[in-house]
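Peer 1: Here are the chains, one letter per residue:
2 protein chains.
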Amino acid sequence: MSKIDGVMSYYAELLNAELNKAIIADNNDYGILAEAMKYSTIDGGKRIRPILLLEFYKLFGGKSAEAVKFATALEMIHSYSLVHDDLPCMDNDDFRRGKPSCHKAYGENIAVLTGDALLTSAFEYASSVTDISPERVIKAINILASAAGINGMVGGQVLDILSINLDTAEGLKKMYALKTGALLKSAAMIGCVLAGGDEKIEHCQRYADALGLAFQIVDDMLDVIGDESKLGKPVGSDEKNDKLTFVSIFGMEKAKQTVIDLTVDAKNCIDEIGGNGEFLKDFADYLASRTF
Amino acid sequence: MSKIDGVMSYYAELLNAELNKAIIADNNDYGILAEAMKYSTIDGGKRIRPILLLEFYKLFGGKSAEAVKFATALEMIHSYSLVHDDLPCMDNDDFRRGKPSCHKAYGENIAVLTGDALLTSAFEYASSVTDISPERVIKAINILASAAGINGMVGGQVLDILSINLDTAEGLKKMYALKTGALLKSAAMIGCVLAGGDEKIEHCQRYADALGLAFQIVDDMLDVIGDESKLGKPVGSDEKNDKLTFVSIFGMEKAKQTVIDLTVDAKNCIDEIGGNGEFLKDFADYLASRTF
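Protein chains in written order, with this note's numbering: chain A, 1119 to 1410; chain B, 1119 to 1410.
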């Protein structure tokens, strides 16, 4: 196992344990809701957002083990957005992470409520942090909610499902900056703010913006050249759906070069912050070069 | 206009103004989302939860005008729950407050996102309070999220849509205690906590529990004897849907008496707290005797 795989697998375990602690039904009568919430969060995804949050927290000298509660909250919000995105009235996706999506497994009504409950639990768990100063916790909650709401992730989702200006590179960038970029950026910002690194928050934002855009471009590239069995989802769907992507706009070569440039810029941000940011630089390389 | 009508109409205006301030799309491209959020909140309902929050805040000596941000957050959460409850996969209601429900007016996908954005904005707005101590704000956010989530409102909604144990008085009470009671209770608790009245929080909870149950019983009574044009919704739907209600379990007379007893108990709580709680006592009477 490479060093970065080792770190990621450590974080994966940590998140699973925390999600199990955070998601509890006080009463068995609605135990199915806790089950669907766990189904939609545990063992899922690469945990990129929590990793960013916790690594930026460490970079700025944060010491509290409770920062993991914020990382968990962030992952719950990411997961709720996937559950609602998959709904029949939205993207109507039957599979997610290689298994039936929440509404296929539990029904549409429970899927709506699973998303609602995950979003709400995120704020409940984040506001249960006691050993970081309340000023910092409130600021972090505000960053999290702003990133997830109308002027962040949900706004971006509106642009996506209504295909608003998605026929231009600018429009596409804007949609992704809101739909996926805002929450990624909040991860870096929250780590920074919880540790009191506010004066360098702009570097964190720049790193996360570059990383987020690179990530999306790689996603578009993988939809053309990826391996279906590794991705856990069908490839070629963008072309089939006549969907404009960074690859269809720029071509594969320019897309590749843009990912390289963005990754260099992300790593520069970490050097400008100073301190021990080796992992965050490796992480940018890792995400840029992923093949699944 | 009676005194209580005057106070309620003052609060209605205040809430409309605050909702207009709180719901802003930074960009016109997803302006439809802000429009749907306002459609689902402004000029809607009796604002019972915000009124309770602000009146308890006053009762415990709270002075900050920013408490209204929490009241607005609470109303956004109540409104989001109505938007999602009305969805085709949930209660499938075409009308709400005498006009087309959100998904009828804006489509199902925008309705899901409207609910998501309202829920998220609630925490954004609540965490933007600056002139109440951060310790109190975090505690209040935690109460709000707990009441709205899996072990509160959303859990209760699961019991309702899956009809879990709704064929007994106990099961029915439990469902309502979660589905509508938890958020009402949080209103009283948040007002109390924001003003630093924590040592009397149990009285606030008891008042709100009694008020909430009485409110639900009156709702069931109005479904039998109410005036459709005043209620803005069809009556007789519970019987038509073979739905067990407090009236069908207890009969009309015992239901009435229970409302009277609960209202007396609610008013006793206010006397036990002390201070100037006249409005909260009048409010309990008003809700118990409402005919629409």
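A few of these clues could be false.
Remember, identical chains collapse to one label, so a pair may be satisfied in a single copy or spanning two.
Under the rule of at most 25 Å between Cα atoms (straight-line distance), these lysine to aspartate or glutamate pairs were calculated in the DMTMM-like manner [unchecked claim]: (1) LYS1181 - GLU1253; (2) LYS1292 - ASP1144; (3) LYS1176 - ASP1360; (4) LYS1257 - ASP1144; (5) LYS1222 - ASP1400; (6) LYS1222 - ASP1209; (7) LYS1292 - ASP1147; (8) LYS1181 - GLU1346; (9) LYS1292 - GLU1226; (10) LYS1222 - ASP1203; (11) LYS1291 - GLU1153; (12) LYS1361 - GLU1173; (13) LYS1257 - GLU1184; (14) LYS1318 - ASP1203; (15) LYS1292 - ASP1211; (16) LYS1374 - GLU1253; (17) LYS1156 - GLU1317; (18) LYS1372 - ASP1203; (19) LYS1121 - ASP1285; (20) LYS1372 - GLU1131; (21) LYS1217 - GLU1153; (22) LYS1358 - ASP1161; (23) LYS1318 - ASP1123; (24) LYS1361 - ASP1249; (25) LYS1257 - GLU1317; (26) LYS1385 - ASP1212; (27) LYS1361 - ASP1212; (28) LYS1374 - ASP1403.
Source of the hints: derived by calculation from the structure; they are not laboratory data.
Peer 1: Looking back at the numbered hints, which does the structure fail to meet, lowest number first?
Peer 2: Hints 3, 5, 8, 12, 14, 16, 17, 18, 19, 20, 22, 23, 24, 26 contradicted; others consistent.
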